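Assembling the complex is the task here: the two chains are given apart, and the hints tell you how they should meet.
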Amino acid sequence: MFPNRTTVEDIENAAALAEVQGRSLWASARARFMRNKAAVVSLIVLILVAAFALFGGFFAQWERDFVDFSLMGRNAHLGVPSFETGHYFGTDNSGRDLFARTVQGTGISLMVGIVGAMVAVLVGTLYGATAGYFGGRVDGIMMRIVDVLMSIPFMFVLILMLVIFGRSILMLFIGIGLISWLDMARIARGQTLTIKNKEFVEVAVATGVHPLRIILRHIIPNLLGIVVVYATLLVPNMIIFESFISFLGLGVQEPNTSLGALISEGAGTMQYGTLWQLLFPLFFFVLTIFAFFFVGDGLRDALDPKDR
Amino acid sequence: MFSFVVRRLMVAVPTLLILVVLSFVLMYAAPGGPFNSERPLPPEVLANIQAKYGLDQPFWKRITDYIWGVVAHFDFGPSFKFKDRSVNDIIAQGFPVTLTYGFWSFVLATVVGVTLGTAAAIKQNSWLDYLAVGFSVGAQVLPNFVMAPILLLVFTLWLGWLPGGGWNGGEWPYLIMPVIALSTSYMASIARIMRSSMLEVLNTNFIRTAQAKGIPMRRVILRHAMKPAILPLLSYLGPAFVGMITGSVVIDAFFSTGGIGTFFVNSAFSRDYSVMMGITILVGALTILFNLVVDILYAWIDPKIRY
Numbered sequence: 182m183f184p185n186r187t188t189v190e191d192i193e194n195a196a197a198l199a200e201v202q203g204r205s206l207w208a209s210a211r212a213r214f215m216r217n218k219a220a221v222v223s224l225i226v227l228i229l230v231a232a233f234a235l236f237g238g239f240f241a242q243w244e245r246d247f248v249d250f251s252l253m254g255r256n257a258h259l260g261v262p263s264f265e266t267g268h269y270f271g272t273d274n275s276g277r278d279l280f281a282r283t284v285q286g287t288g289i290s291l292m293v294g295i296v297g298a299m300v301a302v303l304v305g306t307l308y309g310a311t312a313g314y315f316g317g318r319v320d321g322i323m324m325r326i327v328d329v330l331m332s333i334p335f336m337f338v339l340i341l342m343l344v345i346f347g348r349s350i351l352m353l354f355i356g357i358g359l360i361s362w363l364d365m366a367r368i369a370r371g372q373t374l375t376i377k378n379k380e381f382v383e384v385a386v387a388t389g390v391h392p393l394r395i396i397l398r399h400i401i402p403n404l405l406g407i408v409v410v411y412a413t414l415l416v417p418n419m420i421i422f423e424s425f426i427s428f429l430g431l432g433v434q435e436p437n438t439s440l441g442a443l444i445s446e447g448a449g450t451m452q453y454g455t456l457w458q459l460l461f462p463l464f465f466f467v468l469t470i471f472a473f474f475f476v477g478d479g480l481r482d483a484l485d486p487k488d489r
Numbered sequence: 206m207f208s209f210v211v212r213r214l215m216v217a218v219p220t221l222l223i224l225v226v227l228s229f230v231l232m233y234a235a236p237g238g239p240f241n242s243e244r245p246l247p248p249e250v251l252a253n254i255q256a257k258y259g260l261d262q263p264f265w266k267r268i269t270d271y272i273w274g275v276v277a278h279f280d281f282g283p284s285f286k287f288k289d290r291s292v293n294d295i296i297a298q299g300f301p302v303t304l305t306y307g308f309w310s311f312v313l314a315t316v317v318g319v320t321l322g323t324a325a326a327i328k329q330n331s332w333l334d335y336l337a338v339g340f341s342v343g344a345q346v347l348p349n350f351v352m353a354p355i356l357l358l359v360f361t362l363w364l365g366w367l368p369g370g371g372w373n374g375g376e377w378p379y380l381i382m383p384v385i386a387l388s389t390s391y392m393a394s395i396a397r398i399m400r401s402s403m404l405e406v407l408n409t410n411f412i413r414t415a416q417a418k419g420i421p422m423r424r425v426i427l428r429h430a431m432k433p434a435i436l437p438l439l440s441y442l443g444p445a446f447v448g449m450i451t452g453s454v455v456i457d458a459f460f461s462t463g464g465i466g467t468f469f470v471n472s473a474f475s476r477d478y479s480v481m482m483g484i485t486i487l488v489g490a491l492t493i494l495f496n497l498v499v500d501i502l503y504a505w506i507d508p509k510i511r512y
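Listed in order, the protein sequences are those of chains A and B.
Just add 181 to wherever you are in the first sequence, counting from 1, and you've got this note's numbering.
Just add 205 to wherever you are in the second sequence, counting from 1, and you've got this note's numbering.
If you are wondering where the hints come from, they were derived from the structure by calculation, not from laboratory data.
The model shown is predicted, which means the values in this text are computed figures rather than measured ones.
Using N, Cα and C, we set each Cβ at its ideal position, and we do this for glycine too.
Accuracy of the hints is not assured; some may be wrong.
As the list claims (entries may be wrong) - FRET-style restraints, in silico, Cβ to Cβ: (1) D289(B) with G371(A): 45 to 55 Å; (2) D328(A) with I506(B): 16 to 26 Å; (3) V342(B) with M299(A): 25 to 35 Å; (4) S263(A) with Y503(B): 53 to 63 Å; (5) F464(A) with D289(B): 46 to 56 Å; (6) F381(A) with I506(B): 49 to 59 Å; (7) P392(A) with I254(B): 54 to 64 Å; (8) V276(B) with M215(A): 52 to 62 Å; (9) S331(B) with Y453(A): 44 to 54 Å; (10) G371(A) with N373(B): 28 to 38 Å; (11) R318(A) with I506(B): 22 to 32 Å.
Chain B with its partners taken away, still in its complex shape (with noise of 0.2 Å):
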């Protein structure tokens, strides 16, 4: 197992890297400085900005300087734009509310899907299953950022129950649209994946062995069937957390809620790129360790995964 876990992080660490370079390269390559503006600045200033920024460095020293701030002192440098604020107080303003939402959009979604497909699958071809199957073909469709206007126009300005936006701290009564329009369409697809794995397993002799003995059909289903039906959801919950975290940037946009997404979009805009890098080295590591949490739980779950 620990020799699983160590390769796997001699795989995720190169992933890593690849993606600061990728990264660093794009904004390297990029035409025009983020300080060419409109109205040229004399030369002599702009040599003084490129120096204060280490912008008037060789490609190389540039280069590990970034990469060695990020990983010895996890700094991601200064915004081009917000004179007196690094990347990471941009981070740390943003970051612990798309996680809060992000987070409460995971567990909805994973708790409702898994759920929803278990009972599904147990009782096949009832109305509930039809309810199910119908919820997950339906709320395919519905991508958060169709999701959230309908919400808002539901919730907000017909029935005036909710908030349209803000963040108030995450209190309850903001965070719920939120979560709902990042959630739904990831429910779906968990409680489909969820139910016909369920089924699949239900139809082996194993299930029917313990059925056989006489133990009860609650006991079966958590002890004997839940394991084994789980796994192939696993492989799915990276991509949905990765899109969870990715869709901020339009929950942001819609509800004013002040997560990553904005200052992501923001700094899109007003080609801020040492913002945009942090950001996307910032999801990029959380993705990687994602993955790789999911791995070991992948391994640790299947006894047939060799490691």
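Chain A on its own, in the form it takes in the complex (with noise of 0.2 Å):
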């Protein structure tokens, strides 16, 4: 069910066709999320956090992997948190740099939030539009799969994929691709219903364009709104699942971490006094989960109107 290149492309072109021609409606969005302060405040944390994810490591003044032996066992006097020694959020369990850490847990964190919405844009919007726009037997036997895999406990099958597989990124973005699309699948399909039985789509039937064609430039463009929005709202719920799995210890491996890796790394020494290295990573954390959720909202508020 992946789609291929070219299908990709008519997705990316489709979407800049909805700019161009529906460019009041999008105007008006526009408008409605700017006066969103809470969102548009958002915006701007979360475009702060990416660039910190980007660019913090330029200001790190410490290798991310390197152990720095002479503060063994005096992290809870020597690694904490200074401009002077270059430890600018302190040091981690093992006297590695905690800013260089954190930028890098940062990034990663994010990258699985992103990618785990991607593909919940591109195979749960297809899946969902084919389901409504062809309705009765298919649409039946589209969605009891949907149902199928949304009542399996995903977080326990997962847990054992990494067990048996090996513990990796890939697996990881595996695992999370195989979830994500399921509630944006029905989503869609909801949205195609009400869609399907509108003017231009029957002038195209009546035209004879193909039901694939018809599919990727009538239907998917008009989705495009809801699909964003709830996009928006999964990246957070994505990143709240790896730091889960990270947490266990399964997730994401040394030498990479993810936010989630750092706050289990930090939990589990919060009685020895270092309390910053919970701290550092868990305000990033809900930070930037905050962040995604406001834009969320101000993105659904404003780009569909009916639901305020």
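The structure is reproduced here in structure tokens:
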């Protein structure tokens, strides 16, 4: 069910098309979004967090995998966050620079969230639009499959997979890709059911346009608003999901790290007086999740006015 | 109604079968067996062990034996790592613990969430409403693995009010922090869903009619508004329940409560496939059962559903 290259390009073209033809719609949505102060502030925060993940490494005084053995056993006194030592966020339990580690962890967590959302957008939208457009028996079978997949406890199955096929970021992405599209497929199907009875679709059918082309050119551009909203709300959920698995030590492996893994390490050592090891990753985690939720809410209000 | 239940069961049973087959195939496809260790065993010994656990049988024989064992005797087979324990023993030890704090978390999240959401909707734009909205926005970013260390830090390390872990037969001081850590984010979601659906219902004509007839507000809410308002919440309760059982993995790691999560994670690290499969299938069966109950409840409450 993975779309090939040409369909991906088609979707991109379709998005561009929608933007050009429906400028007033998108412009008014932008105006509505800009009026929502919490959403605008969150967007700025998100840009800052992304900049931190991308460029924060240039400001780190220490390599992220450099272990400072002189701190061994004296972490609570010498590893404290300070500007003089260059450990802005202090050091972690093994004497590595926590600033560099947090930069890396934020980057990986963001990447996991965005990959999950992208899979949801590509697979889920196409799947849902196809099921909704054809309707009848095709719809029944396709949606029954989604129902069956939804009632499987995926966290457990994913852990089973991580254990059996080895723990790696790739396996994690596959696992997240497997579940993230289910909700999106349902949402896209529901919207398609209302769109497919509109006149412009009837005209397309009457003039003999190929069904696949109708889905790509006429249905999906009209789904974009709701898809964007749910994709934005999906990103934080995927970040939480990944953090949960990394927290258990089954997700991202050393020397890579993610916010979940860092929170887990920090929580494990908090009784030794090294509280910064928990609080810095936790701060970035909470900030990122918050910002995504607010931007998602703002986008929903902007793109889906009837839901207000 | 009866035929509706039967029809839903016809979907539930194959779903469960798919889950059993899926996890079995995953285990079968695993490179290396559970008895491959650093120091290779002599081939005769390995052959004996494999014969004991039935690993020398062909694939179809093993899978039919396994499914038959699960379905007919509720027997998940022996553990690969603990020689004297079966998967059933391990489940029997951990599952009551998980169910206990899972149940209380579920009750707490639902009762507080529904009450808070309803109160916020009735007194829209009051301080109570802002408090509820603020809480439900704030608690969204506090999943169990964030709540647990914060609670431990405050109530055990700083204040010293509650024990930092252990189970002790489920006495209430040991129960408080697991339940709060597990229920907070769900409480927030339930309150938010309840608030918006209650607001929607309160703006409908039949509620205005009921009020115009002079029925006391209390009665209008409880008798007229509650039933339609709670419907959107019902479909959320299934995933929430699953999330709480899954969260047991984190709760057990933090509070050493010894629930099913401990065994799941331990078996994940020691590659004890039979225990992992047993727990996965059990949780899957519970999920499917719970969704079934929710669906039936939905059909029973909502007269618009055709069955």
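Hints, verified against the model:
1. D289(B) with G371(A): 45 to 55 Å: Roughly 53 Å apart at Cβ, these two residues keep to the hinted range, so it holds.
2. D328(A) with I506(B): 16 to 26 Å: Given a distance of about 20 Å, which is inside 16 to 26 Å, the answer is holds.
3. V342(B) with M299(A): 25 to 35 Å: About 26 Å separates the Cβ atoms of V342(B) and M299(A), which means 25 to 35 Å holds.
4. S263(A) with Y503(B): 53 to 63 Å: holds (58 Å)
5. F464(A) with D289(B): 46 to 56 Å: holds (47 Å)
6. F381(A) with I506(B): 49 to 59 Å: violated (38 Å)
7. P392(A) with I254(B): 54 to 64 Å: holds (57 Å)
8. V276(B) with M215(A): 52 to 62 Å: Given about 59 Å between the Cβ atoms, the range holds.
9. S331(B) with Y453(A): 44 to 54 Å: Taking Cβ atoms as reference, S331(B) and Y453(A) lie about 45 Å apart, which means the hint holds.
10. G371(A) with N373(B): 28 to 38 Å: violated (48 Å)
11. R318(A) with I506(B): 22 to 32 Å: The hint (22 to 32 Å, Cβ to Cβ) holds, given that R318(A) and I506(B) are roughly 30 Å apart.
In summary, the structure is inconsistent with hints 6 and 10 from the numbered list given earlier, while agreeing with the others.
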